[in-house]
Amino acid sequence: MTGEGIRQAIIDIIREIVPDEDLSGIDAEKPLRDQIDLDSMDFLDIVMELRKRYSVEVPEQDYQELESMSSTVNYLLPKMESL
Amino acid sequence: MVENQRVVITGVGLTAPNGDNLADFRKALLEGVSGIEIFKTRYMPPVPAGVCHFDPYKHQTKKQSRRGTRAGAISIYCANEAVNDSGFDFENSRRDRAGVFIGITEHGNVETENEVYNLGQYNNDVKFWTHHHNPRTVANNPAGEVTLNMGVTGPHVCLGAACAAGNIGLIYGVQMLRLGEVDFAIAGGVSESIHTFGIFASFKSQNALAVHEDPTKASRPFDMDRNGIVVSEGGCLYTLERLEDAKARGAKIYGEIAGYAYNSDATDFVLPNPARQAECMRLALDRAAMTPADIDIVNTHGTGTNQGDEQECVAIREVFGGSGAHINNTKSFIGHAMGAAGALELAGNLPSFEDGLIHPTINLDNIDPECRLDNFVIDKPVHIGSIKSIINNSFGMLGINSVVVIRRFEN
Numbered sequence: 006m007t008g009e010g011i012r013q014a015i016i017d018i019i020r021e022i023v024p025d026e027d028l029s030g031i032d033a034e035k036p037l038r039d040q041i042d043l044d045s046m047d048f049l050d051i052v053m054e055l056r057k058r059y060s061v062e063v064p065e066q067d068y069q070e071l072e073s074m075s076s077t078v079n080y081l082l083p084k085m086e087s088l
Numbered sequence: 021m022v023e024n025q026r027v028v029i030t031g032v033g034l035t036a037p038n039g040d041n042l043a044d045f046r047k048a049l050l051e052g053v054s055g056i057e058i059f060k061t062r063y064m065p066p067v068p069a070g071v072c073h074f075d076p077y078k079h080q081t082k083k084q085s086r087r088g089t090r091a092g093a094i095s096i097y098c099a100n101e102a103v104n105d106s107g108f109d110f111e112n113s114r115r116d117r118a119g120v121f122i123g124i125t126e127h128g129n130v131e132t133e134n135e136v137y138n139l140g141q142y143n144n145d146v147k148f149w150t151h152h153h154n155p156r157t158v159a160n161n162p163a164g165e166v167t168l169n170m171g172v173t174g175p176h177v178c179l180g181a182a183c184a185a186g187n188i189g190l191i192y193g194v195q196m197l198r199l200g201e202v203d204f205a206i207a208g209g210v211s212e213s214i215h216t217f218g219i220f221a222s223f224k225s226q227n228a229l230a231v232h233e234d235p236t237k238a239s240r241p242f243d244m245d246r247n248g249i250v251v252s253e254g255g256c257l258y259t260l261e262r263l264e265d266a267k268a269r270g271a272k273i274y275g276e277i278a279g280y281a282y283n284s285d286a287t288d289f290v291l292p293n294p295a296r297q298a299e300c301m302r303l304a305l306d307r308a309a310m311t312p313a314d315i316d317i318v319n320t321h322g323t324g325t326n327q328g329d330e331q332e333c334v335a336i337r338e339v340f341g342g343s344g345a346h347i348n349n350t351k352s353f354i355g356h357a358m359g360a361a362g363a364l365e366l367a368g369n370l371p372s373f374e375d376g377l378i379h380p381t382i383n384l385d386n387i388d389p390e391c392r393l394d395n396f397v398i399d400k401p402v403h404i405g406s407i408k409s410i411i412n413n414s415f416g417m418l419g420i421n422s423v424v425v426i427r428r429f430e431n
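Going down the list, the protein sequences come from chains A and B. Each residue of the first sequence is one higher than the one before, counting from 6 in my numbering. Each residue of the second sequence is one higher than the one before, counting from 21 in my numbering.
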């Protein structure tokens, strides 16, 4: 999976969690939670969906890596590039 | 009774299988329109059931709906509809003085059953168990979701009371107003039971699940051909206020909760006890300072089980025999809406104070001789002119009985 593919996968997951929000203008460098109404339980939904859809584990100590879209893609790339 | 102890209904919000507001619901009841349809549930053939078709996004976002439960969605819809109907300026009111009190038959079965099923898709590896399980299944979930949605900071609670719960939610609201714990109560009952196969399968194993080739004829309390319960979802929440507050703001008053009672059979897990049911009705009448002759409508609990219907008739005959009260049944239209049943069935009859009509019982083609009662209203509405009082029965498993007496408000 490429970086763009991972970005799209994350967008698909977030769209399911916050179906009311427009995700077209997300700034890749800004924290996701500053741009989208995501609380801690929603964030856990992202972690769960990565586990269910891609068998990817994000340990708690790495949660900070999922702060922005850019950092999320960079963090997941080694875990998902072979998918 | 002093006015600060008199409690009145000032708003109604509901969703039933045959109507998503009081006007449509009442119209369906007067026109004989059933809300029962064929419903697919897991692990067993399709069943007749009452399904609600309200718009869950009318009062909550898709995100809130996804986060919450079906019972929460029903509660949020009904609470908002009731408050809107009441004309109360809720936005600018002291929401720490409002409370949400919702009767439930059970809660959490739907979520748990679905989650167990989903976990099976992952070889029962619990790392796939959702972190939403606990907030969705705590017993206060439906009422709690209302407080989140509406910004209510006063008390909230769900009252587990089997199929007597709708009345008991209402009763608790009255009590909290009389205690002065709240100034504005959102109270009634809800049920999302149809979204678990377990309730259908359990009634089937108990030989108490209704079957009929025409789903609209499956719910037939008191009829010779009745063969069990039609399970339904639904909700009905009322706004309740002390009479003095309602009058001060010029509120529309649907009726006054003149009396209530709830008691326990202490005899059996599932079988009713007509002696305790009769006691409950008498106690509610006594508290209302009324006699059986003062009651115009007895809205029965009748669910369509052989013994339950017969036993309720024994109790009604004992209390109301020869009184002249008219008898009807709302479940024949909407099935058994479980925790919502008492509250919904009362709502179906409340407009009688205005239109002078008593809604009929449908599917009562051949009344069981054991269920014969004077003045049973069957098939067509009956117009008796001035209707001043309704008694509403709701009984549940473990022997819980609840009765509410509503009086037309007259200044």
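Hints in this document: simulated from the structure, not taken from any laboratory. Note that the Cβ used here is the ideal one computed from N, Cα and C, for glycine as well. Keep in mind that the hints are not guaranteed to be accurate.
Pairs of lysine-lysine, BS3-like flavour, derived with a Cα cap of 27 Å [to be verified]: (1) B:LYS60 / B:LYS83; (2) B:LYS224 / B:LYS237; (3) B:LYS60 / B:LYS78; (4) B:LYS78 / B:LYS272; (5) B:LYS267 / B:LYS82; (6) A:LYS35 / B:LYS60; (7) A:LYS57 / B:LYS408; (8) B:LYS78 / B:LYS47; (9) B:LYS147 / B:LYS83; (10) B:LYS272 / B:LYS224; (11) A:LYS35 / B:LYS237; (12) A:LYS35 / A:LYS84; (13) A:LYS57 / B:LYS83; (14) A:LYS84 / B:LYS147; (15) B:LYS47 / B:LYS237; (16) B:LYS82 / A:LYS57; (17) B:LYS267 / B:LYS60; (18) B:LYS408 / B:LYS272.
If the Cβ cut is set under 8 Å, some of the chain B residues that face chain A in the computed set are [said to hold, decoys possible]: (19) LYS83; (20) HIS152; (21) ASN160.
### Message
Checking each numbered hint in turn, tell me which of them this model violates, lowest number first.
### Response
Result: hints 5, 6, 7, 10, 11, 17 and 21 break, sorted rising.
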